[in-house]
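Chain residues, written in single-letter form:
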Amino acid sequence: MALANEDILQELEVVVGEELQVVSFKWLSRRYGLQVNIAKQLLFAFVERHKSKVKATYLLAGWTKSEPSQHIVRLVDQDKLLKSRETLAPVTSLHVYSIQPTQPKDPAELWNVDNGQLGQLFDDMVKLSLDNCLVDNRWGAVACPDAKRDPKLAVRPPMPARPSTTAAAPDKKSKASKGTGGGIIAAIDAVAAGATASKQGVAATSIATGPGQSQAPGAAADEPDPDIAAAPSKEAPSDQVERKPSGGSKPGPASKPPSQQSRGKGKSALASMWSKAPAKTSKAAAPSKGEQPGQQPMAGPADAEEALRQAEAGSGSNSDDELPPVRQAFLRNNSQKSAQQLEESESDEDEPRNPAQASLKQNGAAARCNSKAAAAAAPTRASGTSKSGARAGGNAPAAATSRGQAGNKRAASNRTHCQQQPEPSGSTAGGSVAGGTAKRRRVVLEDESSDEDEDEEVATGDQEGSAVDVDAPSAEPPAKGRPKGAGKARATQEAKKGKTAKRKGADSTPAASGEEGIDIDIDDTGEGGSQQDGKRKRASQKEKPVQKLGPAKAGAEQGPEGRKRRKVPRSSYNEKGEEVTEMVWEEDPDEAELGTACSTDTNSAALKELSGNEGKTKSSGKPAHSNLPAMKPAKESGASSVAAKKPLAKSAKAASKNQKGIMTFFGKK
Amino acid sequence: MPAAVGGLESAQPLRGVTELTIPPDGTAAPGPETRLAAEYISHDDQWQLQEKDHTNQYAHIYFARLQRMRPRLVKRCRQDWPQLKVVSILAVPEGAEVVVIGTVYKDMKLKPSILDEYVKDRAVGQLLGHTRFTSPEDTIILEDESARMPLTGDALTPGSFVTGVVMAVRGTAVPGAEGFHVQSCCFAVLDPPKAMPKPGDDKYVAFVSGLGVGDEGGDPLRLALIVDYLTAQLGSAAEQSSIASKVVRLIIAGGLMHSTDSLSQATTHVKPRQQAAALAPLRETDMCLTELAGAMHIDVMAGAADPSNHSLPQQPLHRCLFPGASAYPTFHRVTNPHEFTIDGVHMLGTSGQNVDDVAKYSSHEDGLQLLGACLEWAHLAPTGPDTLTVYPFKNSDPFVLNQAPHVMFVGNQAKFQTSLFGSGRGGPPTRLVCIPNLKSSGMLILLNLRTLDVHPIQFESQMEL
Numbered sequence: 001m002a003l004a005n006e007d008i009l010q011e012l013e014v015v016v017g018e019e020l021q022v023v024s025f026k027w028l029s030r031r032y033g034l035q036v037n038i039a040k041q042l043l044f045a046f047v048e049r050h051k052s053k054v055k056a057t058y059l060l061a062g063w064t065k066s067e068p069s070q071h072i073v074r075l076v077d078q079d080k081l082l083k084s085r086e087t088l089a090p091v092t093s094l095h096v097y098s099i100q101p102t103q104p105k106d107p108a109e110l111w112n113v114d115n116g117q118l119g120q121l122f123d124d125m126v127k128l129s130l131d132n133c134l135v136d137n138r139w140g141a142v143a144c145p146d147a148k149r150d151p152k153l154a155v156r157p158p159m160p161a162r163p164s165t166t167a168a169a170p171d172k173k174s175k176a177s178k179g180t181g182g183g184i185i186a187a188i189d190a191v192a193a194g195a196t197a198s199k200q201g202v203a204a205t206s207i208a209t210g211p212g213q214s215q216a217p218g219a220a221a222d223e224p225d226p227d228i229a230a231a232p233s234k235e236a237p238s239d240q241v242e243r244k245p246s247g248g249s250k251p252g253p254a255s256k257p258p259s260q261q262s263r264g265k266g267k268s269a270l271a272s273m274w275s276k277a278p279a280k281t282s283k284a285a286a287p288s289k290g291e292q293p294g295q296q297p298m299a300g301p302a303d304a305e306e307a308l309r310q311a312e313a314g315s316g317s318n319s320d321d322e323l324p325p326v327r328q329a330f331l332r333n334n335s336q337k338s339a340q341q342l343e344e345s346e347s348d349e350d351e352p353r354n355p356a357q358a359s360l361k362q363n364g365a366a367a368r369c370n371s372k373a374a375a376a377a378a379p380t381r382a383s384g385t386s387k388s389g390a391r392a393g394g395n396a397p398a399a400a401t402s403r404g405q406a407g408n409k410r411a412a413s414n415r416t417h418c419q420q421q422p423e424p425s426g427s428t429a430g431g432s433v434a435g436g437t438a439k440r441r442r443v444v445l446e447d448e449s450s451d452e453d454e455d456e457e458v459a460t461g462d463q464e465g466s467a468v469d470v471d472a473p474s475a476e477p478p479a480k481g482r483p484k485g486a487g488k489a490r491a492t493q494e495a496k497k498g499k500t501a502k503r504k505g506a507d508s509t510p511a512a513s514g515e516e517g518i519d520i521d522i523d524d525t526g527e528g529g530s531q532q533d534g535k536r537k538r539a540s541q542k543e544k545p546v547q548k549l550g551p552a553k554a555g556a557e558q559g560p561e562g563r564k565r566r567k568v569p570r571s572s573y574n575e576k577g578e579e580v581t582e583m584v585w586e587e588d589p590d591e592a593e594l595g596t597a598c599s600t601d602t603n604s605a606a607l608k609e610l611s612g613n614e615g616k617t618k619s620s621g622k623p624a625h626s627n628l629p630a631m632k633p634a635k636e637s638g639a640s641s642v643a644a645k646k647p648l649a650k651s652a653k654a655a656s657k658n659q660k661g662i663m664t665f666f667g668k669k
Numbered sequence: 001m002p003a004a005v006g007g008l009e010s011a012q013p014l015r016g017v018t019e020l021t022i023p024p025d026g027t028a029a030p031g032p033e034t035r036l037a038a039e040y041i042s043h044d045d046q047w048q049l050q051e052k053d054h055t056n057q058y059a060h061i062y063f064a065r066l067q068r069m070r071p072r073l074v075k076r077c078r079q080d081w082p083q084l085k086v087v088s089i090l091a092v093p094e095g096a097e098v099v100v101i102g103t104v105y106k107d108m109k110l111k112p113s114i115l116d117e118y119v120k121d122r123a124v125g126q127l128l129g130h131t132r133f134t135s136p137e138d139t140i141i142l143e144d145e146s147a148r149m150p151l152t153g154d155a156l157t158p159g160s161f162v163t164g165v166v167m168a169v170r171g172t173a174v175p176g177a178e179g180f181h182v183q184s185c186c187f188a189v190l191d192p193p194k195a196m197p198k199p200g201d202d203k204y205v206a207f208v209s210g211l212g213v214g215d216e217g218g219d220p221l222r223l224a225l226i227v228d229y230l231t232a233q234l235g236s237a238a239e240q241s242s243i244a245s246k247v248v249r250l251i252i253a254g255g256l257m258h259s260t261d262s263l264s265q266a267t268t269h270v271k272p273r274q275q276a277a278a279l280a281p282l283r284e285t286d287m288c289l290t291e292l293a294g295a296m297h298i299d300v301m302a303g304a305a306d307p308s309n310h311s312l313p314q315q316p317l318h319r320c321l322f323p324g325a326s327a328y329p330t331f332h333r334v335t336n337p338h339e340f341t342i343d344g345v346h347m348l349g350t351s352g353q354n355v356d357d358v359a360k361y362s363s364h365e366d367g368l369q370l371l372g373a374c375l376e377w378a379h380l381a382p383t384g385p386d387t388l389t390v391y392p393f394k395n396s397d398p399f400v401l402n403q404a405p406h407v408m409f410v411g412n413q414a415k416f417q418t419s420l421f422g423s424g425r426g427g428p429p430t431r432l433v434c435i436p437n438l439k440s441s442g443m444l445i446l447l448n449l450r451t452l453d454v455h456p457i458q459f460e461s462q463m464e465l
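Chains as they are written, first to last, in this note's numbering: chain A, 1 to 669; chain B, 1 to 465.
Bound-form chain A, shown alone:
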C-alpha cells in the first residue's frame, strides 16, 4: 500500500467532499491498491468519521425470513439498513458498498464511477499491456491460480512451422498445380526451397543423369536413385522445372532434333511451335516425375544403351517383379528414363518432332524392356508404358507427387496414347513401318498410392478406343529402325500379350483405387526389341543404332499395316492394387470396345484376345498382327516390364494438344 490508511482517508475527503464523487469499495481498492476487505473497512471508518457529510450505501446479504427463504444480496441505503436487516436471518454479509455526497437517485450512479475506472484499467491492460489488477484479480479475497492473463492467447495460435521437408512439398504442390506454367515458379520455389530441394534435386539430378550413368553400370546405381528420386520427386519438380526450361525444352529439341531432322524438317517448325507446349507437358510430367525431364535429355543416349542392355535383361526376365535386383535396378533406371522419356515424349508429343522422338523415347523405354520391335510402334506412348514401369520402381514416390497430375495425365495420356501410328509405311524408315501398326499403347492409370512399386502391371492394356494415336511412325521407324511394320505390329501385339500376361501375373491384384497417376504404357508393337527407349532416343539422336536394333526387333515385329486399329483403354488392377489403364490398339473395334468394357481384365487371355482383336481403330486401318510372337513376346515381356515401369506423367491437356497436333500433322502428310 502506497499510502497509509490515514492518508487515504484524507484523500477521500477531497474526492467525496469536494469532487462529489461516488466512491465504492472497489474503486478504492483499485485506486489505492488495497485488498477489497481493507477498502471496505476504510470506507466504514470514513463513514463513521463523516456521518453527517456523506451518504453510505451498504451491502447486505443473508437469508430472508419470509418463506420460502432465499439467499439474497442487496444494496441498501444507510437509512433503511436496520429495517432491511431485520428481514434477514441470518445475515451473511454486511459492509459499506459505497459512499457518496448525496443519496443516489439511480443505482447506475454507483456503477458509473466503477465502470469508468474499469474501462480505464481495461484499456491500459488490453491496449498498453499494462499490468494491473484486472490481470489476476489481485485485490480480491480469493485468488485463482489458473487465471493469469496471457496476451498470447488473444491471438490465433500461429500455424505450426513447416518442417523443411514440407517446404519442398509446397514447391511440389505449386508446381503440380501450376502445371507447365508453374514450371518457372516451381523453379523459383525450388530455389527458395534451398538445401532440401538441393538434396532432392541432387537425387533427382542423379536420377536424371541416371540414364547416362545407368547406361553403363548405372542400373544398379540408378536404382537407388529412382527410389530416392521418387521421394524427392516431389521436390524434383523444381529440378524439373529448372531443367525443363533448359533441359526440357532444350533436351527435347536436342534429343528430338535428330529424329526430327532425320524424319522431316517440316516437323521442326511444328516442333518449334510445340516446343512451347512441351514445357507444359514436361512440367506436368515433371511434377509427377520431376526427374524425368532432366534425365530425359541426358538419358537419351545412355538410355539407349541401357535400354539395349535392359532389353536384353528384360527379355530374360519377363516380369519386373521377378526381376532380380539388378534387373530391377535397370528397370528402375529404365523407368526413370522412361519417365524422363515420357516427359520428353510428352513435351515432344506436343512438338511435332515429339511424336517421333517421344515414340522413340517411349518406345525406347518400352523397347529396352521390350526389345520387341515395339520400336516401330511405340511411337510416343511407349513412354507411357515406360512410365508405368517407372512407377513401379522409383516412380511410386513420384507418383504420389504426380498423383494430382495424374488425373490430367490420365486424360492426357489417354489422348496421347491414342496417337498410335497405324501407318508405318508412311514412316520414314520403311522398316519402321511396323512400329505404327502393332503398337499398343497402354495407358496405365496408376493409383497414386500404388504407383510406388515396380509395376509390372502395366501390361493390362485397356483399349482406348476413343483416342486415335497417331504415332509418328515415320519418325520412329527411322530412328528406331522399325522397318517391319506389320511384323512389328504383330510382335507388338504379341508382346503386349506377353506383357499382359506378365502383367497379369504381376498385376493379378486388381486395385483400382485412386488412379492418380496415369501411366501410359505404350507397347511398341515393333518387335524390334531394339527400340528401347534409349534406343529411341538414341535413334532420335543416333538413328542408326536404333535402326540396328530395329531390324533385330523388326524380325519380331510385324508390320501393322492394313489393319484397323482402335485404341482402347483397358484398365486392370495391379498386384499393388493400382488401377492400370492401358491404351491398346485393337484390330477389332468391337472387341476393343468389349475390352474397354471389361477394363479390369487382368487375364492374360483376355488381354491376348483383346490384342488379337485389336485392330481397327480410327487411325490406322491396317491390322497388324504379330507374326513373330515368340520372339517378340519374350522381348516384349521384358520390354513390357520395363515399359510398365515407365510412369507417364503427362498433362492431359498437353497430351491432347500433342495428339491433335500430331494427328493433324500426320493427316497433312
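Honestly, the hints are just simulated from the structure, not real lab data.
For clarity, every value in this text was computed on a predicted model and none was experimentally measured.
Beta carbons: idealized from backbone N, C-alpha and C, even for Gly.
There are no misleading hints in this set.
Selected chain B positions facing chain A (in silico; Cβ < 10 Å): (1) Glu33; (2) Ala244; (3) Leu292; (4) Phe331; (5) Ser461.
Computed list of chain B residues with no C-beta within reach of chain A, every gap over 12 Å: (6) Gln50; (7) Glu51; (8) Thr387; (9) Ser419; (10) Ser440.
With chain A fixed as given, assemble chain B onto it according to the hints.
Same frame as chain A, now just chain B:
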C-alpha cells in the same frame, strides 16, 4: 424457492460477518484464499462443426434420427411388450395389435408457414402475438421410411408431442376406421447417468444467463454485483471464503448481449464515434468477462442474440469479439449445446433455443417439463430442423441423447426452476435446472457438485425496501 440442504444452501449463520463493519486495525489483510479447482473435461467436440456445408437437405437428419433410435426402441418394445410384433407402417395389419416405430409429425392448424405470406386470406393474421401454436385440433401423424399414418385414440394427447419425436406406438389399425388406434406409446430409453463420483468437498458451479449487456433498460449495477460476488470482492470474508472461493467454474448459458443490432449497423461507413457507440455493448461485455476470467474459469456459450451463428449447434463466439477476456487461459468459448464433465459430474445444457421452441409447439408449460420431455424423448432438440434452426447434418443427428447427464440445464428461462428427473430405470436422477434470465431475475445459480443441490442467489440493487 426451497433451499436445499448442504453446504451453504441452508440458512446458517456465518462467523465473521460483521468484521468488515469495523475500522481497519492497521493489520495487513490476510493473503487471498485459493479458489478451489475441479477436473474439467469438455465433450463439445460433437458440437463443433468440422465443415460447414449448407447444401444438404434436412431429411438426412430425420433419417439419421430414426435409424439411430429405432434399435433402442425395438429393444424397449421387446422388453415392455414382448408379445407384440414391431412392423413398419406399410406392414401394419388390420385388426391385429402391433407396434410401429416412427417419427412424429404434428399437424398444427396454427403453425406458421412461410407460405402464409402469400395467402391473400389474412385470417392467419390472428396468429400475430401468439406465443404458442397449439390448438385442440392438432393431430399426430407417424411416419417412417416407408409411409405415414395418422394416429388416433384417447391415449394420445397431441399436445404433449412435437414434430420430430421418435417413438413406438402400440395399437391396432381398426378395419374401416381411419388411422392407427393407439393404446400406448413409449420412447427410446436413455442410459442412466453414471454413478455419482465419490463425495468430496463442497464445490459449486455457477450458472448465469441472459446478461443482457447493452440494454438501455437493464441494470448494469446488478451485473456488477454478481461479478464482484463471484470474483470474491463483494460480501463479507465469511461469504467470500465459504461461497466465492468454492465456485470452480461459471457457465454463462447464452445471452451475453441484449442485441446485436448495433453491431450489424456498424459498418465502415459509420463515423468512428458511432462505431464506438455501436461497439460499446461488446466492449462492456468484454470488460465484464475480463473481470470474471481474471478470477475463475468461465465457459461462455452463445445465445440466440449473441454474435454467433444462428442455427444449433451454435459455434463458440469468436475470440476477436473479446480481445480482453480471450487472453485468459480461464476464458473458454464453448458451443451452445455445451456438454462437459466436471469432477465426475456430467452436465449438458443449452442456451434455451431448443426448449423455447418445443414450448411453442407443445402444451408443456414450463421449462422443467420441457427439459424432462427432452430427456424422455431422448432428444435434445426434437423440433429441429422443423421449426428450430439446425445445421443440416448429413449422416448423423448429434442431438440424439444416449445417456442422461447428471445435470441438464437450460438458459434464458423466464424463471428459476429445478427438480430431479428420475427415469425409474436405475442410476441417479438427473438434476434439471432452468437458469433464469439474469436481466429479469437478477439471479445467480450455484450448483453443488457434491450433492447436486442448487442454490440460487438473488441480487437486488434497487436500494429500496
